[in-house]
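> So the chains spell out like this:
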Amino acid sequence: MLSFELSEEQAMVKETIAGFATDQIEPVMREMDESGDMSPDLVKTGWELEIIASCVPEEFGGFGEGPSALTGVIAYEELARGDLSTALHICSPTVMAYSVLLEGTDEQKNALLPSACGEEFKAAAAALVEPRYSFCPSMLTASAVRDGDEYLLSGRKCLVPLAAQSDNLLVFATTDPGAGFAGVDAFIVPRGTKDVVIGEREKNMGLKALATYEVTLAGARVPLEAKVGGRGGIDFLNLLSRSRLAIAAMAVGMMRRAAEHSRDYARDRIAFGEPIGSRQAIAFMIAEMFMETDATRMLVWEAAWKCDRGEEFAKDAALAKNYAAEKCMTVCDGAVQVMGGHGYVRDNMPELWFRNARAFSTLEGMAMV
Amino acid sequence: MLSFELSEEQAMVKETIAGFATDQIEPVMREMDESGDMSPDLVKTGWELEIIASCVPEEFGGFGEGPSALTGVIAYEELARGDLSTALHICSPTVMAYSVLLEGTDEQKNALLPSACGEEFKAAAAALVEPRYSFCPSMLTASAVRDGDEYLLSGRKCLVPLAAQSDNLLVFATTDPGAGFAGVDAFIVPRGTKDVVIGEREKNMGLKALATYEVTLAGARVPLEAKVGGRGGIDFLNLLSRSRLAIAAMAVGMMRRAAEHSRDYARDRIAFGEPIGSRQAIAFMIAEMFMETDATRMLVWEAAWKCDRGEEFAKDAALAKNYAAEKCMTVCDGAVQVMGGHGYVRDNMPELWFRNARAFSTLEGMAMV
Amino acid sequence: MIDFELSPKLKATQKMLRGFAEQAMRPQARKYDEEEHEKPWDLITMVHSFMKGGVGGSMGGGGEKKDEGGVKKRRENNLATAVTVEEIFWGDAGIGLAFPGQGLGGAAVQATGTPEQKEQFLARFSGEKPVWGAMAITEPEAGSDTANLRTTAAKDGSEWVLNGEKIFVTSGKSSLESSDGFVVVWATVDAKAGRAGIKPFIVEHGTPGMEITKIEDKLGIRCSDTVSLSFMDCRIPEGNILGSAEVADPKKAGDKGFKGVMATFDATRPLVAAMSLGVGRAALDLLKQVLADEGLEVRYAIAPNRMTAIERDIMDMEANLKAARLLTWRAVWMLDNGDRNSLEASMAKAKAGLAVTLITQKCVELMGPLGYSRSLLLEKWMRDAKINDIFEGTGQIQTLIIARNVLGFGRDKLK
Amino acid sequence: MIDFELSPKLKATQKMLRGFAEQAMRPQARKYDEEEHEKPWDLITMVHSFMKGGVGGSMGGGGEKKDEGGVKKRRENNLATAVTVEEIFWGDAGIGLAFPGQGLGGAAVQATGTPEQKEQFLARFSGEKPVWGAMAITEPEAGSDTANLRTTAAKDGSEWVLNGEKIFVTSGKSSLESSDGFVVVWATVDAKAGRAGIKPFIVEHGTPGMEITKIEDKLGIRCSDTVSLSFMDCRIPEGNILGSAEVADPKKAGDKGFKGVMATFDATRPLVAAMSLGVGRAALDLLKQVLADEGLEVRYAIAPNRMTAIERDIMDMEANLKAARLLTWRAVWMLDNGDRNSLEASMAKAKAGLAVTLITQKCVELMGPLGYSRSLLLEKWMRDAKINDIFEGTGQIQTLIIARNVLGFGRDKLK
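Protein chains in written order, with my numbering: chain A, 1 to 369; chain B, 1001 to 1369; chain C, 2001 to 2415; chain D, 3001 to 3415.
So that you can see chain A by itself, here it is in the shape it has in the complex (with noise of 0.2 Å):
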């Protein structure tokens, strides 16, 4: 029956995120930003909420069902509250987690779940996106060729988080050219494999604070197991999707704040004898922003929710996620015009989620439900 209730743990999942974007994230996003580096102590912090851990079950070293969709969405729409750069940094190992729980043979779970539930954040980056224009998760030039007992890895990939201080990558290529997302599979490449170049750390407009890297496969050789699932191979689209909902839900937390932001600076600052919210056309462009970051919020459950029940969600995903990442552009830059000239500068905020929005659009397979 309809409900647009969060369960009690859900509830308590989102209570302590949002605690944590609003006392400890945001403080420190601009100097994180400026500086590029990521503050050890939120990942420490971020990693204590267990958030794969808590998703992995018993015999793989954690302690749950699998991952909850919408659960998953709920969290990191309180984590992008705080930061994009920080939410992406500690949720980046859940796509190699997630795609080896649920894709992965049982030695693939043996070997990369328990580390993956650790003390200690460990960094497992996934390779999706490909540094051209025209890039589709559909129509990737990256391929792996079976040579024997072994895969011949090639192509380009950029956008990789934390690439450098990974054991493992996680390279998404195709087996079956042609064949759409079909014909992708997900490889499992140890730091080090001959062949596999890790670039300079990647110069981009925002996610500053994030380290992402280009690598690039020179036919690099590794064995069958290196392949996610064994002989059936991953349903790419599946993983694909699921990676989508994450990043609309951190869309739908940057659009929050944005909103928010600009609803108390109308209200505060006076212009003309009066709060600027007091004019419509700065009101208007307020009310728009809660209305589409509920309109986007929902999109996003509804997907995830399929998603928990097993049900086809790609379109629903891909829905969610291209409106998202629309809305989250023209939210954020409401936000530096509500501000006018100091919403351009850097001593304020909304440039920045300004070029953490854009970010959206091209984002793919950095972080899972």
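Warning: the hint list may mix true and false statements.
Simulated crosslink set (DSSO-like; lysine-lysine; CA at most 27 Å straight-line) [stated by the list, open to error]:
no.: 1; chain 1: D; residue 1: K3039; chain 2: C; residue 2: K2413
no.: 2; chain 1: C; residue 1: K2039; chain 2: B; residue 2: K1208
no.: 3; chain 1: A; residue 1: K203; chain 2: D; residue 2: K3039
no.: 4; chain 1: D; residue 1: K3015; chain 2: B; residue 2: K1315
no.: 5; chain 1: D; residue 1: K3192; chain 2: C; residue 2: K2413
no.: 6; chain 1: D; residue 1: K3011; chain 2: C; residue 2: K2415
no.: 7; chain 1: D; residue 1: K3011; chain 2: B; residue 2: K1315
no.: 8; chain 1: D; residue 1: K3413; chain 2: C; residue 2: K2192
no.: 9; chain 1: C; residue 1: K2031; chain 2: B; residue 2: K1203
no.: 10; chain 1: B; residue 1: K1203; chain 2: C; residue 2: K2288
no.: 11; chain 1: C; residue 1: K2415; chain 2: D; residue 2: K3413
Pair by pair, the computed Cβ-Cβ distance ranges are [as the list claims (entries may be wrong)]:
no.: 12; chain 1: D; residue 1: E3141; chain 2: A; residue 2: P57; range: 58 to 64 Å
no.: 13; chain 1: A; residue 1: A11; chain 2: D; residue 2: G3209; range: 55 to 61 Å
no.: 14; chain 1: A; residue 1: E59; chain 2: C; residue 2: M2016; range: 54 to 60 Å
Treat the hints as calculated values from the structure; they're not laboratory data. Small disclaimer: the values here were computed from a predicted structure and weren't measured. Virtual Cβ for every residue (Gly too), placed ideally from N, Cα, C.
With chain A's structure known, arrange chains B, C and D on it following the hints.
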């Protein structure tokens, strides 16, 4: 040197037609829309503007030196400011006349132009649009196949203005499928030609005062001489682009009228003790109506200016026409919105503009400058 | 627990209504658009036979018995109404609005009447004969300015005497001429009291002094009658003021009366949103069907910038329509739980009203000449859809309500 | 006669500047974005050598000698400036804003100064050394609320004494520290007089009592310095009030002074629009180049709904950019003819500022990871572009000005 000033002649044309539109067309617009009958008086007076005759050289019965796109768009804007159906009715013979004048053989000019410059309005329908959602002038399904000394015309056309009243139809069909615009030719098809079936008068959402018809060509045979321009054929993209300018100019006229109407209403209508125009939500809507009307006119003028200079202007005409179609819909929707419930009832003009405005995205080849 | 699944009961209703809409309503949609002011009696009788109380259900009936011994009792009658309305309006908006039921008038009674009055005035809607209810609030001189009404109600002995003009009364003719219905008239008992003076009065069909002065010709929803009413010394029993006698006294009741207007709209705005959803979905379904018939499938999951223009348009339209539906469901869900939903109701109405206005316009454009022709219903849906961004508060008014809620500003601070 | 062709002289300038922008500015654009607050002296010297008076030209210099013996004399110096600015900003917006010239300060002198004052203060800009001019109007407590300034100017003998804080002074450091420039400070001589009390004052570089208190770190245009100024008993000669002495008297001069602010902006808004055009075109050129390199051509002439999503995006962006340019040219053309262009200037600024904000954002999106990466300049253009919808009056302020003009409402009727 850059100038936005009309020539004396253009200023005169503009003033004359503006008066005609305000004093004679607009007052009967609603009545014609409800009854579906175009006022013969309007057509008569409109014809006396000698739009065609003023462009046709003396040798062919007129007193001009060929059509000026710039003067044309200025004239059509004013006409459509009065009413779109009327503007399209009066201008419908321009397609045949200018196509022949610009691309026809001397025989064709002698045969058709004098009557197009006569005292009496003479319907001459052009058939370009085809009844399918995916219609595109570069991909016509209407075809003309050479068969000995004849062309065999096959296909279906719609939105053909005054087809039933015309002595001749100008039918656009492809002689070279797959060649895109370059493969399209125009054929002069006399009334009563065998296997040319003119259907019932069409019923559309708007343009209710304009008689349009579906025309079916069931392998109709016409002599080789029926092909405009003879052997060489026509520069279809050039003619199409001239028609796009004509249609875009009419959109500007409607936008302007809708903007003026909204402005006046917002000034006079009192709510909450003040004119509704003193609310930014309404005032900003109106500001944008005027801004976009000017913006669209600039695009139309610049493309027409290029056309008159004999420069490549197909791209500019397409930009202007598509921009005009979109903005005109937005502006006329706004004109309804500004009046609220009063804009939704047929006592007032906005609902009529609302219905007519949506036509622009579909209209092609129904008038020409 | 977050849950987007409708109860089996609602799913069944939905399925049944979809069949009715497709087989009974669609074939007649064009007829009643062309023959404006004709009443679809056959359909009215049909729908009344299987849906006593009308498709609008008991609008705003939520909230009352919120708690029963502390346990929150789940109700879904407003959700049921929203689901019903969407399906009916998918069939046809004009005919849907012409269907019998308590309508806005009943909603006003639900929101402001005493239990006795609800008993007295609402019983008729589940009777044998179809009956309509209407609400009269807008006046020639005041559109959204509901605080500034000129229609007056003066106490004279044991009667109220109404004088004034009302416009845009939906189903006014159905309520007052075609059936034994009534109209709820908002009038002021004390012009100086402003909002506080505004009260709702029940005027029964056939009451002397009330006259239908005009029936509007409209852009769309032509099957639904929209009338103007004039009241000249129109006398009604004193008991016909909604919400007990002392409500009549501005000093005592404060702007309780006016709050009633707002409460009424809080309950009905989500249903207008639900109407929008039906029309928008109809247009989108048709467009997708046409593409499917040509063997074109929309590739939702690929990168949006690799799509064709039409694919991306469809993706955008579907996302907007779905978002509007979820916002609508949230608003009625709150209503069913007896929670205040003024903000959420306006969000749903604003989002849905604008979304379907644009969706239908886009669909007509994408369908080219077929979209513009009256040989398909699409062009009609574009005309019908526009009303959703206008009636029961334009999109601008909704946005204003949202802004005031969000910013915590009153009318004084945010005009 | 309607004519969109630039004079041969302007075409030549355009061509020359395009070369300069591409070969000299582009290679250094990233450097001066990363090394914020660094000054591109090499480029400054270069540009000053071939363009005395600065790329901004004599902003607002139009109008004066409108008629010469009744014959309207065609001038094109504002058009020339617009064309120049577009090309320079196509090269780089940050560096372009850092180039020497009279800037807004000079524009204020042009708009409000006496002939003698223009002589006295503007000569320096065509000297050997590069010089900057700035204008200080915004205050910490008042953004667009220019009528409500707290900075005061008090007459003391033969001097004016300024006190107050100013923020967002573009090129303030360049004008006051890096060269022998000046800043035009808008201050009130009579707080009670409101608008009427506001006057423009010239404060020369190095005047005691004036201090740069802050240099802003910004989202974009990082090569351009934006500073805060504080004035503490800052004394300037009485002759430094712009526009003859009696201007000083609110009663006599009315709000002539304030009108000066507006006149200044009427002249400069179209040039901000021209700046926008350069940035927007840069982004669009890059995107189209990338597509062309892949052999993709945009089919502008086919039905828009048959296009790919990216084709239609490009078509929309080109139409908007072109419309913005034509509106901008119209506004400067009027200025060159000495016609009042307040409405048209705001249309140009509003349209161009928003158009390029959206165009650059769209281009970054369409370029995917390449768009988001700092390895290309595109992401920088998106950051730079945003300022155009903000400075010299936000898009909202421009729309407000348009609305007031169109509706004929004053500040009282349309706040």
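> Hints first: check each against the structure and report whether it holds.
Structure-based check of each hint:
no.: 1; hint: D:K3039 x C:K2413; verdict: violated, 46 Å
no.: 2; hint: C:K2039 x B:K1208; verdict: holds, 25 Å
no.: 3; hint: A:K203 x D:K3039; verdict: holds, 23 Å
no.: 4; hint: D:K3015 x B:K1315; verdict: holds, 23 Å
no.: 5; hint: D:K3192 x C:K2413; verdict: holds, 25 Å
no.: 6; hint: D:K3011 x C:K2415; verdict: violated, 51 Å
no.: 7; hint: D:K3011 x B:K1315; verdict: holds, 22 Å
no.: 8; hint: D:K3413 x C:K2192; verdict: holds, 25 Å
no.: 9; hint: C:K2031 x B:K1203; verdict: holds, 14 Å
no.: 10; hint: B:K1203 x C:K2288; verdict: holds, 24 Å
no.: 11; hint: C:K2415 x D:K3413; verdict: holds, 13 Å
no.: 12; hint: D:E3141 x A:P57: 58 to 64 Å; verdict: holds, 59 Å
no.: 13; hint: A:A11 x D:G3209: 55 to 61 Å; verdict: holds, 59 Å
no.: 14; hint: A:E59 x C:M2016: 54 to 60 Å; verdict: violated, 48 Å
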